[in-house]
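Chemist: Take the sequence shown: its letter number 74 is residue 74 in my numbering, and every next letter is one higher.
To be clear, the hints were calculated from the coordinates, so they are not data collected in a lab. Treat each hint with caution, since some may be false.
[Unchecked claim] Within a straight-line C-alpha distance of at most 20 Å, the following computed SDA-like cross-link-like pairs (lysine to any residue) qualify:
hint : residue 1 : residue 2
1    : Lys151    : Asp58
2    : Lys151    : Gly101
3    : Lys47     : Ala70
4    : Lys47     : Glu69
5    : Lys47     : Lys34
6    : Lys151    : Arg110
[Said to hold, decoys possible] Listed next, with one range per pair, are the computed distances between beta-carbon atoms:
hint : residue 1 : residue 2 : range
7    : Trp39     : Gly85     : 39 to 49 Å
8    : Asp48     : Asp136    : 27 to 37 Å
9    : Glu69     : Asp113    : 33 to 43 Å
10   : Gly36     : Thr149    : 15 to 25 Å
11   : Glu74     : Gly101    : 39 to 49 Å
12   : Lys112    : Glu69     : 41 to 51 Å
Ideal Cβ placement from N, Cα and C applies to all residues, glycine included.
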Amino acid sequence: MHKKDGSTVAIVRSIAQPIAESLGLSLWDIRFVKEGAGWYLRFFIDKDGGVSLDDCVDFSHAIDKPLDEADPIEQNYFLEVSSPGLERDLVKDFHFAAVIGQRIKLRLIRPKDNKRNFAGILEDYTAGTLTVRLEDNTVLTIDKKETSTIKLDDFDNFGGIER
1 MHKKDGSTVA IVRSIAQPIA ESLGLSLWDI RFVKEGAGWY LRFFIDKDGG
51 VSLDDCVDFS HAIDKPLDEA DPIEQNYFLE VSSPGLERDL VKDFHFAAVI
101 GQRIKLRLIR PKDNKRNFAG ILEDYTAGTL TVRLEDNTVL TIDKKETSTI
151 KLDDFDNFGG IER
């Protein structure tokens with residue numbers, strides 16, 4: 001990365017956000033990661049009704065030239081654009097707001113009542129605290145900082161067949 005204020009992802013987000021919005025897309029996440037010998041800049045886009053291959057292609061073409069002109073990344077990298085998927089990671093506040101009323105699964109850093117894995121309906125998310133109605137109809141209230149992973153658990157859309 002060239003010497004600029006902010007992280008690589010923050011700089012890239014400032015370029016990508018208005019482009020995504022102009023295409024009717026939301027920018028769910030951006031990851032800049034090294035895998036093996038190569039670097040990957042990954043954009044995860046979303047929209048109501050789901051993302052098509054054409055949406056990914058359109059965003060890829062639209063972001064390519066502005067990224068080249070701004071040149072926020074020093075090393076060579078592969079550009080990838082995709083949907084965040086049905087079991088998308090939930091990390092940012094807006095992720096939780098978008099899935100209130102939907103089924104999530106979470107894993108705790110430390111067990112609670114001898115369990116680490118929980119699944120249920122996200123009923124509320126306020127100031128970093130999740131309220132989840134579990135399958136046995138009990139309510140789990142947990143701070144996001146106490147979790148290692150939180151994902152959308154969208155198996156209900158496929159006839160209730162859990163993967």
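Chemist: If a hint holds in the structure, say so; if it doesn't, say that too.
Modeler: Verification of the hints:
no. : hint                       : result
1   : Lys151 - Asp58             : violated, 27 Å
2   : Lys151 - Gly101            : holds, 14 Å
3   : Lys47 - Ala70              : violated, 26 Å
4   : Lys47 - Glu69              : violated, 27 Å
5   : Lys47 - Lys34              : violated, 27 Å
6   : Lys151 - Arg110            : holds, 17 Å
7   : Trp39 - Gly85: 39 to 49 Å  : violated, 22 Å
8   : Asp48 - Asp136: 27 to 37 Å : holds, 32 Å
9   : Glu69 - Asp113: 33 to 43 Å : violated, 54 Å
10  : Gly36 - Thr149: 15 to 25 Å : holds, 23 Å
11  : Glu74 - Gly101: 39 to 49 Å : holds, 43 Å
12  : Lys112 - Glu69: 41 to 51 Å : holds, 49 Å
Hints 1, 3, 4, 5, 7 and 9, counting from the list given before, are not met by this structure.
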